[in-house]
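Visitor: Just so we're aligned: 12 in the numbering used here is position 12 of the sequence shown, and the numbers increase by one with no gaps anywhere.
Check the hints yourself; a few may be wrong.
Ranges of calculated distance between the beta carbons of each label pair, as one might list FRET restraints [unchecked claim]: (1) Trp-33 <-> Ile-285: 34 to 44 Å; (2) Tyr-103 <-> Glu-232: 44 to 54 Å; (3) Arg-172 <-> Ser-34: 33 to 43 Å.
Distance condition first, Cα-Cα at most 30 Å in a straight line; then the derived BS3-like pairs of lysine-lysine [claimed, not checked]: (4) Lys-234 <-> Lys-196; (5) Lys-234 <-> Lys-142; (6) Lys-67 <-> Lys-102; (7) Lys-178 <-> Lys-223; (8) Lys-46 <-> Lys-142; (9) Lys-46 <-> Lys-90; (10) Lys-67 <-> Lys-9; (11) Lys-289 <-> Lys-234; (12) Lys-142 <-> Lys-9; (13) Lys-72 <-> Lys-42; (14) Lys-102 <-> Lys-17; (15) Lys-142 <-> Lys-181; (16) Lys-105 <-> Lys-142.
The hints are simulated quantities; they were obtained by calculation from the structure and are not laboratory data.
All C-beta atoms in this analysis are idealised placements derived from N, C-alpha and C, irrespective of residue type, glycine included.
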Amino acid sequence: MSEYDSPWKECLDYFFKSFLEFGFRDLHDEFDWSQPVVMLDKELQKIAPVSELGLRVVDKLTEVQLKNGESKWLLIHSEVQSQRTESFSKRMFTCFYRISDKYDKPLVSLAVLGDENPNWRPTTFSQSNFGCNVRFDFPMIKLLDYGSDLPLLESSTNPFATVVLAHLLTMRTANEPKDRKQWKLRLMRSLYEQGKSGDEIRQLFRVIDWMMDLPTDLALQFKDEMEQVELERKMRYVTSIERIMRQEAVKEGLNQGLEQGLEQGILAGQILLLQKILNDSASTIAELKLLSIDQLTTMLSQLQLRLNSRDR
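Working from the sequences, and respecting the hints, build out all of it.
Guide: Next comes the structure, spelled out in structure tokens:
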């Protein structure tokens, strides 16, 4: 899964209102939320292709309606990884003027920074050449700033607060996988205790599971403990993990777009996912293209047997 198509992007789709309520409350309160939010991914890709966005960037372009009936476009730039990007402010400005020029729409650009450097806080792009001056200011939130009060994030009913908490805990437990597993389970337990809907829990699980990645042995322990949580509460929103794995594998297979056809693509996606879970050396697309359906099926069965034997 590429960073561009990561659960961060899906999270902004699914929890867009909660995101603005969490990080940009003044802006949130200006909108008429009885009106639909329109996601403008195709329009964004026309002015900023995926290859240009880079690996650590999740950008969203949306159209919302103000309480006075006017429409407004919001361009959200998210640096979701831990590294700072020197060209970030310039990219903010570049996307802003490209959209303004192409579509002539009222536009607001927002920045979300997920890096670990407390001193990196870009809010302005400026340029001056022989009396020709440009200055572009943009609102920004830094997820690191919310780390001073983790209990407040944990107790919040805003689902985006849970996403931010998972992001911060992922950074804090980078070298402590056992602590990460415990926090991951604690976050999932709290979702059930808050009485969130099945759809919300499943969506948040995707984000948390993607962020708080675990070594295989701990991932299997987490799976068993999550199954116990769901048995206790008689709510099987997340497990079995294998079901989610199959769904992800189908999506991965469809994304591969192998020339042999749809069935081969789905099988290849399942193989790549199971290899990742088992910490195997991943096959290349070129290698899988050379295999027949029977060969791919045999390969997949062997991987599934290995996974099942570790799960006993």
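Visitor: Hint by hint, note whether the structure agrees.
Guide: Evaluation of the provided hints:
At roughly 43 Å, the beta-carbon separation of Trp-33 and Ile-285 lies within the given 34 to 44 Å, and the hint holds. With their beta carbons about 51 Å apart, Tyr-103 and Glu-232 fall inside the hinted range of 44 to 54 Å. A beta carbon spacing of about 39 Å between Arg-172 and Ser-34 agrees with the range 33 to 43 Å that was offered as a hint. For the given pair, Lys-234 sits about 14 Å from Lys-196 by alpha-carbon distance, which is consistent with the 30 Å threshold.
A threshold of 30 Å between alpha carbons decides the hint, and for Lys-234 with Lys-142 the separation of about 38 Å lies outside it, so the pair is violated. With a C-alpha separation of about 26 Å, the suggested pairing of Lys-67 with Lys-102 holds against the 30 Å cut-off. Simply put, Lys-178 and Lys-223 have alpha-carbon atoms about 14 Å apart, close enough for the 30 Å limit, and the pair holds. Distance restraint check for Lys-46 and Lys-142: the Cα-Cα separation of roughly 28 Å lies within the 30 Å cut-off, and the hinted pair is therefore satisfied.
Distance hint between Lys-46 and Lys-90 is fulfilled; the C-alpha atoms sit about 18 Å from each other, no more than 30 Å. With a C-alpha separation of about 26 Å, the suggested pair Lys-67 and Lys-9 falls inside the 30 Å cut-off, and the hint holds. Proximity of Lys-289 to Lys-234 is assessed by CA-CA distance (about 43 Å); at most 30 Å being required, the pair is judged violated. Between Lys-142 and Lys-9, the direct Cα distance comes to roughly 17 Å. Compliance with the 30 Å bound is thereby established for this hinted pair.
In summary, the hint linking Lys-72 to Lys-42 is supported, as the alpha carbons are separated by about 17 Å, within the 30 Å threshold. With a CA separation close to 26 Å, the supplied pair Lys-102 and Lys-17 stays within the 30 Å bound. Taking the CA atoms of Lys-142 and Lys-181, the gap is near 25 Å; set against the 30 Å cutoff, the hint holds. For the hint linking Lys-105 to Lys-142, the alpha-carbon distance of about 27 Å falls within 30 Å, and the restraint holds.
Comparing the model with each numbered hint stated earlier shows that hints 5 and 11 do not hold.
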